[in-house]
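Spelled out from the first residue to the last, the chains are:
2 protein chains.
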Amino acid sequence: MDPHLVTALNGPLLELEKNVVEATPSIERWFRLEWQDHTPPFYCSVDLRNAGFKLAPVDTNLFPGGFNNLSAEMVPLAVQATMAAIEKYCPDAKNLLLVPENHTRNTYYLQNLARLIKLMRMAGLNVRLGSISEEITGPTELSLPDGSVHVIEPLIRINNGRRVGLPDFNPCTILLNNDLSSGSPAILNEVYEQSLLPPLHAGWTIRRKSNHFAAYDDVVRRFAKLIGVDPWIINPFFNHCSEINFAAREGEECLAANVNSVLVKIRRKYREYGIKEKPFVIVKADAGTYGMGIMTVTDASEITGLNRKQRNKMSVVKEGLEVSDVIIQEGVHSFERVDNAVAEPVVYMIDRYVVGGFYRVHDQRSEIENLNAPGAHFVPLAFSHPHALPDKAAEPGTAVPNRFYMYGVVARLALLAASIELERTDPEMAAI
Amino acid sequence: MDPHLVTALNGPLLELEKNVVEATPSIERWFRLEWQDHTPPFYCSVDLRNAGFKLAPVDTNLFPGGFNNLSAEMVPLAVQATMAAIEKYCPDAKNLLLVPENHTRNTYYLQNLARLIKLMRMAGLNVRLGSISEEITGPTELSLPDGSVHVIEPLIRINNGRRVGLPDFNPCTILLNNDLSSGSPAILNEVYEQSLLPPLHAGWTIRRKSNHFAAYDDVVRRFAKLIGVDPWIINPFFNHCSEINFAAREGEECLAANVNSVLVKIRRKYREYGIKEKPFVIVKADAGTYGMGIMTVTDASEITGLNRKQRNKMSVVKEGLEVSDVIIQEGVHSFERVDNAVAEPVVYMIDRYVVGGFYRVHDQRSEIENLNAPGAHFVPLAFSHPHALPDKAAEPGTAVPNRFYMYGVVARLALLAASIELERTDPEMAAI
Numbered sequence: 437m438d439p440h441l442v443t444a445l446n447g448p449l450l451e452l453e454k455n456v457v458e459a460t461p462s463i464e465r466w467f468r469l470e471w472q473d474h475t476p477p478f479y480c481s482v483d484l485r486n487a488g489f490k491l492a493p494v495d496t497n498l499f500p501g502g503f504n505n506l507s508a509e510m511v512p513l514a515v516q517a518t519m520a521a522i523e524k525y526c527p528d529a530k531n532l533l534l535v536p537e538n539h540t541r542n543t544y545y546l547q548n549l550a551r552l553i554k555l556m557r558m559a560g561l562n563v564r565l566g567s568i569s570e571e572i573t574g575p576t577e578l579s580l581p582d583g584s585v586h587v588i589e590p591l592i593r594i595n596n597g598r599r600v601g602l603p604d605f606n607p608c609t610i611l612l613n614n615d616l617s618s619g620s621p622a623i624l625n626e627v628y629e630q631s632l633l634p635p636l637h638a639g640w641t642i643r644r645k646s647n648h649f650a651a652y653d654d655v656v657r658r659f660a661k662l663i664g665v666d667p668w669i670i671n672p673f674f675n676h677c678s679e680i681n682f683a684a685r686e687g688e689e690c691l692a693a694n695v696n697s698v699l700v701k702i703r704r705k706y707r708e709y710g711i712k713e714k715p716f717v718i719v720k721a722d723a724g725t726y727g728m729g730i731m732t733v734t735d736a737s738e739i740t741g742l743n744r745k746q747r748n749k750m751s752v753v754k755e756g757l758e759v760s761d762v763i764i765q766e767g768v769h770s771f772e773r774v775d776n777a778v779a780e781p782v783v784y785m786i787d788r789y790v791v792g793g794f795y796r797v798h799d800q801r802s803e804i805e806n807l808n809a810p811g812a813h814f815v816p817l818a819f820s821h822p823h824a825l826p827d828k829a830a831e832p833g834t835a836v837p838n839r840f841y842m843y844g845v846v847a848r849l850a851l852l853a854a855s856i857e858l859e860r861t862d863p864e865m866a867a868i
Numbered sequence: 437m438d439p440h441l442v443t444a445l446n447g448p449l450l451e452l453e454k455n456v457v458e459a460t461p462s463i464e465r466w467f468r469l470e471w472q473d474h475t476p477p478f479y480c481s482v483d484l485r486n487a488g489f490k491l492a493p494v495d496t497n498l499f500p501g502g503f504n505n506l507s508a509e510m511v512p513l514a515v516q517a518t519m520a521a522i523e524k525y526c527p528d529a530k531n532l533l534l535v536p537e538n539h540t541r542n543t544y545y546l547q548n549l550a551r552l553i554k555l556m557r558m559a560g561l562n563v564r565l566g567s568i569s570e571e572i573t574g575p576t577e578l579s580l581p582d583g584s585v586h587v588i589e590p591l592i593r594i595n596n597g598r599r600v601g602l603p604d605f606n607p608c609t610i611l612l613n614n615d616l617s618s619g620s621p622a623i624l625n626e627v628y629e630q631s632l633l634p635p636l637h638a639g640w641t642i643r644r645k646s647n648h649f650a651a652y653d654d655v656v657r658r659f660a661k662l663i664g665v666d667p668w669i670i671n672p673f674f675n676h677c678s679e680i681n682f683a684a685r686e687g688e689e690c691l692a693a694n695v696n697s698v699l700v701k702i703r704r705k706y707r708e709y710g711i712k713e714k715p716f717v718i719v720k721a722d723a724g725t726y727g728m729g730i731m732t733v734t735d736a737s738e739i740t741g742l743n744r745k746q747r748n749k750m751s752v753v754k755e756g757l758e759v760s761d762v763i764i765q766e767g768v769h770s771f772e773r774v775d776n777a778v779a780e781p782v783v784y785m786i787d788r789y790v791v792g793g794f795y796r797v798h799d800q801r802s803e804i805e806n807l808n809a810p811g812a813h814f815v816p817l818a819f820s821h822p823h824a825l826p827d828k829a830a831e832p833g834t835a836v837p838n839r840f841y842m843y844g845v846v847a848r849l850a851l852l853a854a855s856i857e858l859e860r861t862d863p864e865m866a867a868i
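For the protein sequence lines, the chains are A and B, in the order given. Residue numbering for the first sequence follows the numbering used here, beginning at 437 and increasing consecutively. Residue numbering for the second sequence follows the numbering used here, beginning at 437 and increasing consecutively.
Source of the hints: derived by calculation from the structure; they are not laboratory data. One thing to keep in mind: the hints can contain errors.
You can't tell identical chains apart in this list, so a pair holds if it fits in one copy or across any two.
[To be verified] In silico DMTMM-like links for lysine to aspartate or glutamate, alpha-carbon gap of 20 Å or less:
1) Lys454 - Asp827
2) Lys530 - Glu470
3) Lys828 - Glu688
4) Lys705 - Asp473
5) Lys705 - Asp735
6) Lys524 - Glu470
7) Lys828 - Asp582
8) Lys661 - Glu758
9) Lys749 - Glu679
10) Lys530 - Asp473
Build the full structure now, drawing on both the sequences and the hints.
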């Protein structure tokens with residue numbers, strides 16, 4: 437089952453794969469040295485788009501759900517990576533408090549939760565669930581799809597308010613699997629004695645995609661020099677507009693101008709590489725997730741011509757978070773196919789390690805559209821393939837492990853960018 | 437393909453599996469704390485024997501070959517563990533010098549070498565091969581079974597003799613895959629600036645199995661208390677005799693007395709648990725490997741009745757190393773079967789992580805004999821099984837992942853014992 441090789445790689449991407457596979461030891465050493473200076477987020481998933489001539493991350497999620505979509509073969513890898521992560525934060529940790537999303541009635545999300553609890557348990561932690569949802573006012577039973585029953589209860593402050601925990605449960609680590617789209621709750625403020633992972637400023641009320649891709653720019657510039665490729669091959673152009681109000685039609689000039697400037701840059705690159713595809717950009721909320729507030733645009737005139745329905749769709753994202761900052765990102769075609777439907781690879785990492793991935797597949801969407809939408813399904817990526825090692829001898833573009841390795845490398849560049857982004861946006865660092 | 441479940445577990449081992457699976461978080465935390473105090477060997481393989489009522493390590497190899505026998509699915513796990521190990525010794529390492537066994541004409545060994553080179557390369561290291569064999573006097577081409585061609589050359593001292601390397605190759609780490617049965621070569625003495633892994637005193641001219649099992653006694657005593665089981669369930673009795681000369685029939689009294697005392701202790705335990713099997717002991721060289729110099733004994737009288745051929749067989753092991761120290765170890769039946777042949781699990785670890793394993797299978801041997809002998813073949817253990825996580829809800833003794841987890845735990849106890857053994861026997865520590 438290797439659906440992804442349906443996509444033929446061409447020109448620049450073939451070259452990239454060749455360079456990446458050839459340079460494996462230097463690449464791994466480069467990452468090792470980077471991780472001396474930067475701490476990876478606890479976990480992370482990265483959406484990639486493979487256009488055949490270009491491979492780029494388009495979204496980096498610091499509160500990944502969907503661990504249930506990874507193949508079961510990858511579980512030992514995830515456990516091992518979790519052990520490495522925990523050892524860094526709390527080597528003598530016994531207890532981990534997991535804070536899930538508020539919508540705990542979604543079966544898929546509960547499957548994710550069950551998988552996460554098992555991973556943490558295997559890594560040597562007692563896991564309990566703490567909620568920041570207003571609906572959870574006391575201990576509430578939660579039956580998970582794997583048959584296990586857990587109790588979820590409201591977070592409380594313990595140890596004279598110095599720490600966060602549950603009654604009779606004093607965790608060393610608080611792991612957020614809630615992206616804080618509904619705001620950062622007061623109870624999580626001023627947590628100094630415990631590891632709060634990821635930190636509050638990774639939540640979508642504070643985080644901005646444009647900060648992430650600015651950090652990614654810097655990471656890619658250095659990486660591209662290391663292996664000798666054009667950074668554009670793995671990096672989408674982007675611009676950014678603030679003070680947008682879609683409903684009130686404010687900021688349209690900024691948007692239109694930036695859409696145009698990104699399109700001009702893409703056209704120039706397409707000419708350079710002789711690419712015949714039609715350039716497009718993705719306009720999306722600079723904060724927020726869940727595939728909401730996303731638009732595919734092929735011409736700046738589309739921005740000024742938005743109808744009311746389209747404007748409404750763009751103006752709010754998950755949990756009613758209002759959109760005022762917008763990122764205009766080079767669109768990357770997704771020419772990968774699973775059973776003839778458009779597919780994009782999603783790579784999962786824990787600590788600095790790739791622990792699996794899957795294809796997000798959508799048979800109602802085209803190769804220039806966002807696939808993170810209702811109707812998508814998931815096909816595990818065979819990262820632990822029988823021939824999981826890159827093969828230097830293979831013809832570029834023909835070997836599964838080589839392509840997966842390249843996916844893992846690009847996803848880790850986004851991971852590194854996330855860690856640099858979080859350093860740069862850390863409010864406590866700014867205060868010093 | 438789950439051949440191992442042919443062995444029904446009974447009484448004490450069912451109890452062990454139950455306790456181990458139940459206590460997963462405490463066990464993993466316990467190991468995590470142990471690894472704060474002790475550094476695991478770079479790599480290690482452990483031979484286990486499963487008697488249904490008892491599960492015990494019988495040999496702990498610090499220079500494991502046979503990496504080629506691990507399933508390809510386990511490769512990413514091994515790479516990840518290698519990264520963790522390297523980071524500890526040489527975070528900015530570029531170069532690793534691998535010192536293979538001297539018998540580089542054995543195809544199976546060359547497959548092992550090819551696998552090791554790939555693992556190291558994937559972990560971000562340039563690998564070159566250095567030899568301590570007298571037969572390698574200059575750069576010699578070595579064609580590996582995977583089609584790659586490497587050059588093996590004699591080790592030299594570089595940097596004014598302060599370091600070990602090759603011409604134009606200055607490694608940070610020197611990884612021995614040569615157990616030094618033929619002695620510790622002078623060129624490896626006084627290596628202070630580089631990581632020599634494992635250290636010279638892990639080589640068979642210095643190492644003693646009895647030191648290992650003494651350390652294992654201590655580890656198991658503490659672990660058994662943690663999970664509330666009789667330590668004997670995972671620990672074979674042993675005694676030790678020195679100044680043995682099989683050829684000259686010296687030391688036979690010591691041997692016979694100790695064989696008897698171990699048999700008496702086993703009988704007592706068998707009575708306690710109502711075990712009907714016939715007790716036996718394994719008499720083997722206290723130093724050395726390769727399944728040489730090993731004897732199964734069921735009565736002390738067999739020792740004094742050895743004929744010349746048997747005495748000759750016991751008196752030397754690999755590379756002609758003479759046997760003067762002998763360990764008398766409780767025999768553990770191997771009631772596991774693969775295709776009706778006796779099988780024993782071998783678990784591989786890199787750093788502190790289980791990275792795979794296989795069954796060593798021998799259809800010409802009985803369940804009370806050593807299986808590490810010509811004619812053995814290997815069946816990968818499905819450590820990365822579709823349901824690789826232990827399942828608390830499963831009926832004890834019925835679930836593959838639960839049994840594999842138990843194997844991994846016991847193997848890691850032996851790994852921990854090895855690290856304590858190496859601390860205790862470190863000549864530099866003794867000098868302080």
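Numbers of the earlier hints that this structure fails to satisfy, in rising order:
Checked against the structure, the hints that fail are numbers 3, 4, 8, while the rest are satisfied.
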